[in-house]
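Here are the chains, one letter per residue:
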Amino acid sequence: MVVVGVGGPLVVDQFGLLQLTVFASMCILALSLGVVWGYGGILCFGQSAFFGLGAYTYAVTAINLGESTLAIVLSVVLPGVFAALLGYFMFYGRLSDVYLGVITLSVTLIFFNLMNSTAGDAYRIGSARLNGFNGMPSLPTFNVPGNPGRLLDPTETFYLVMALLLIVYVGLHALLASHFGRVVVAVRENETRCELLGYDVRLHKLLIFTLGGAIAGLAGSLFANWGAFVSPNVFSLGMTSQVIIWVIVGGLGTLGGPIIGCLIMQYLATELGTQQLANTSLIFGIIFLAFVLLVPRGVVPALIAVRARLSGAVRARVSGAPRTRPIA
Amino acid sequence: MTDPILQTVGLSIRFGGVEAVRGVNLALAERELRCLIGPNGAGKSTLFKLLTGQLQPTAGRILFHGEDITGDHTHAIARRGIGIKTQVPNLFDALTVREHFWLSARRTNPRARAQVITEDILERLGLGALAGGVVGRLSHGLRQWVELGTVLAGDPELILLDEPAAGMTHDEVARTAELVREINRTHALIVVEHDMQFVRMIARTVTVMHQGAVLVEDTMDQILKNSAVRDIYLGKHGGA
Numbered sequence: 001m002v003v004v005g006v007g008g009p010l011v012v013d014q015f016g017l018l019q020l021t022v023f024a025s026m027c028i029l030a031l032s033l034g035v036v037w038g039y040g041g042i043l044c045f046g047q048s049a050f051f052g053l054g055a056y057t058y059a060v061t062a063i064n065l066g067e068s069t070l071a072i073v074l075s076v077v078l079p080g081v082f083a084a085l086l087g088y089f090m091f092y093g094r095l096s097d098v099y100l101g102v103i104t105l106s107v108t109l110i111f112f113n114l115m116n117s118t119a120g121d122a123y124r125i126g127s128a129r130l131n132g133f134n135g136m137p138s139l140p141t142f143n144v145p146g147n148p149g150r151l152l153d154p155t156e157t158f159y160l161v162m163a164l165l166l167i168v169y170v171g172l173h174a175l176l177a178s179h180f181g182r183v184v185v186a187v188r189e190n191e192t193r194c195e196l197l198g199y200d201v202r203l204h205k206l207l208i209f210t211l212g213g214a215i216a217g218l219a220g221s222l223f224a225n226w227g228a229f230v231s232p233n234v235f236s237l238g239m240t241s242q243v244i245i246w247v248i249v250g251g252l253g254t255l256g257g258p259i260i261g262c263l264i265m266q267y268l269a270t271e272l273g274t275q276q277l278a279n280t281s282l283i284f285g286i287i288f289l290a291f292v293l294l295v296p297r298g299v300v301p302a303l304i305a306v307r308a309r310l311s312g313a314v315r316a317r318v319s320g321a322p323r324t325r326p327i328a
Numbered sequence: 329m330t331d332p333i334l335q336t337v338g339l340s341i342r343f344g345g346v347e348a349v350r351g352v353n354l355a356l357a358e359r360e361l362r363c364l365i366g367p368n369g370a371g372k373s374t375l376f377k378l379l380t381g382q383l384q385p386t387a388g389r390i391l392f393h394g395e396d397i398t399g400d401h402t403h404a405i406a407r408r409g410i411g412i413k414t415q416v417p418n419l420f421d422a423l424t425v426r427e428h429f430w431l432s433a434r435r436t437n438p439r440a441r442a443q444v445i446t447e448d449i450l451e452r453l454g455l456g457a458l459a460g461g462v463v464g465r466l467s468h469g470l471r472q473w474v475e476l477g478t479v480l481a482g483d484p485e486l487i488l489l490d491e492p493a494a495g496m497t498h499d500e501v502a503r504t505a506e507l508v509r510e511i512n513r514t515h516a517l518i519v520v521e522h523d524m525q526f527v528r529m530i531a532r533t534v535t536v537m538h539q540g541a542v543l544v545e546d547t548m549d550q551i552l553k554n555s556a557v558r559d560i561y562l563g564k565h566g567g568a
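Protein sequence lines, in the order shown, are assigned to chains E and C. Using this note's numbering, read the first sequence as starting at 1 and increasing by one per residue. Using this note's numbering, read the second sequence as starting at 329 and increasing by one per residue.
So that you can see chain C by itself, here it is in the shape it has in the complex (with noise of 0.2 angstroms):
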């Protein structure tokens, strides 16, 4: 196995009494697409947020490309080349669907080729007749697919995908899960998701968490098998 893209080592964070995230080791191979489950508060937000510089972990370290990235700024981890959409999107919400795209890839690209980037990104997504529209208007399935496409115009080495299926009809999970393999022929991938027949769609590596702490890593078809992870998800009596 090549060296991993991204590795965590005994990466904490505690608030007070609570641990969210408790010494989860990870290894990322460049191209992976990895899919994060785990039921609510599991701690798969918070470690994307540790990942990306917005929380500092009290324990742990953080490797990208072998380098310790641990307490580096938000905005120079991005500069690495890690790229994330959010739960919540974190959109400009007075601003074009266009310009979002435009911003993103101009910080890395000259203004011209920027250009080409985002028309290219808008035609990918099918967003083109809403090119010159606020995105502040738009419905929660559509600013998952700007802030994704923001994310892509980037053109960041790794993404890290938190629910990018939520609030989308089961075509638009469909074409999400079809984009998402498409990404990851050129990229390495996190996945956080709670639908599972999205996951279904695109899953190889799936890693699940509970209570902070990873559970157990496995192939998708093991994972489905498995009776820990039906306990967790079902409760533990409340299997069929």
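Only chain E is shown next, with the shape it has when bound in the complex (with noise of 0.2 angstroms):
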């Protein structure tokens, strides 16, 4: 990650250097599902919710300060908080894990209708017009912070966004290994036996899943400063089942994983956008169903298996010892 960060600029060009911006920073929405779903064990169908979040916030903000600083800094909290009230009231009232699924998807297809339906001058937000379906064109991008007038330029905005995508990846790790983390991954796997060791399994829940609504708020904001453009779209079905697939297809409970399955998708769908073989959605759905069949745990789970396969085959050749030790 960090050769790419220093050396993209180096070696490709304008357009591939946007390309990479983009990629990265849908990396950072993969990565926000990739802990609320593989380390907390919550399957939220509607993490575009607070991506779209984000990224609307960016724009009504930017467009009213015409500075970034503080859009971008909304854009992250705005969405964290609203995750943390939806979070309380599905926590909190115990929902199972099914209907967490249906709220959470209903949610992000509510924020997509009403965004839909915000065409006209009567919607606004100060000086921001919505414009619904067609979307907020010419948003102000990434400026220096209090320093409007300066803008970013591509290459900045790459090193900016990778640096970010650097610290929620580390930082994920380290929270990860913290005694949080270790709580969270241990409510995932048994919330009686959480509750029954003195942790309460609702808070742990609800604060992961803020902190993830928080990171795809980032992401949007990032999204939408690239394209300088923002429509209903992010909240689509489409958008918050690509996520779910970043995920499935790169690896659950990794943070790698949903980086890797987020490259190779969105590669892909570039690829197939520019060829115009088949339908994007058509293939992505295929290999979307021939993971969950064929490698259901994800590209890098699988490979981490491999590696041990052949590691441990290599050393039970040379020992002569089963690779496997008896259980008592």
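A few chain C residues facing chain E, derived, Cβ under 8 angstroms: (1) Thr402; (2) Asn418; (3) Ser432; (4) Arg435.
Derived CB-CB ranges, DEER-like: (5) E:Phe229 <-> C:Ala404: 45 to 51 angstroms; (6) E:Ala308 <-> C:Arg558: 52 to 58 angstroms; (7) C:His468 <-> E:His179: 27 to 33 angstroms; (8) C:His401 <-> E:Phe133: 43 to 49 angstroms; (9) E:Leu237 <-> C:Gly345: 44 to 50 angstroms; (10) C:His468 <-> E:Phe133: 54 to 60 angstroms.
Bear in mind the hints are in silico, worked out from the structure with no lab data behind them. As the structure is a computational prediction, the values presented were derived from the model and not from experiment. Cβ atoms here follow ideal geometry from the backbone N, Cα and C, with glycine treated the same way.
Build the complex from these two chains, which are given one at a time in their own frames, with help from the hints.
Structure below.
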């Protein structure tokens, strides 16, 4: 990641750099679901709700202020607060996993329909027109903090996005290694045991869900900045299912997995889109099915398993000892 | 007698037409070891679920150190110092044995201390060789010990053990009995068990439950002579 972050601008052209920038933004979105679902065990079908909320928050704030710093901060805070409210009702209301999926999916589709129906002059927040299904074009892009006149060029934006991706990735690693993170994983494994040990399950789920919402919001603001455009599509069914596919393909329960899955699928989407050979959604559906049936654990865990088996076989041949230790 | 560590007053729970626990009055002294026996469906495990807040009683109260904990959340009760090994072990299947003990110890201890406790429990239970193994692959008997160790790592004042010897070989049962006696030097315990041999190894006071209510409470010797107890276990006409 660091290598790409430093070397990217030296190797690829302007177009490639823009591609990498949006890929990296989406990787942050993938990480947000990867941690909520893969580690927290919370299947959120509506991660795009927080992503879209972040994108619109950035758009509205940046237009009104003409300065991007506060807009970025708000695009993290607002989806985080919204996730906390939603999570409070879901986790403290003791809803089961199935309802959680249904509710989160409904929420993002409600946003989708809501934003689609905001066409016309009446729907504006401050000086920002929401424009319904047409979306909001010509958004102010990132500027140097405190200096609205000095906009970041594509290379600088790329460095910023890569740095943010790295911070999120490393930060999540540290979090998952901490006491809190280890309890979150324990909650995924067995809620009853956690409660019997004195850990408040609801609180831990709420906190990790909120964090996931905030990170998705950050990804949303990066996405809005990248195209200088935001439309209700950020809330769409296609958007939200895409994130789930990234995580499944890359591997649930890892942090590298969602990133790898996101890169593979985004690259494929771009290639398929330019080739016009077949419908991208159709191909995505086939890939998704293939993974669920053939590589249910995803690319990264499958590779780890293969490597362990190979090194185990080598070791067994060297020492002549059986690889698996008999238990008791 | 000192104030009881745990006391229940008229504790009852009703599921529809069935009263699974009926007006149970129980008092447990500090550092007491109480065995709870009774045939299947007597309400022993249900009583444990009431004591740990996994079920809410329809009537009655639970006092821990004289404070009313009836209706408290499970995690809040655990924080007061009640630990339980459940009938079917509740474990984190994808996590290692060491992680179980650490998670339990870490809730009340700083990082370094939790590490020491974890290693200590691993050694005490002789699970050192399995420390890095994933718990989901262990046999039932070993899972029992992992759960017991997990409870011990949290060092709760009162420990509830629901069938701790189930699924164990004869030697393992004997070791578990010894462990229970050792724990009892510093902790109060309530042990539910069907294995009478095991109960005889550890028991002092025994409470017999039948159809949700306390039938009799006495020493092990008296219980073994009690004809009512024999009747509920063997049937009214089944005595030799």
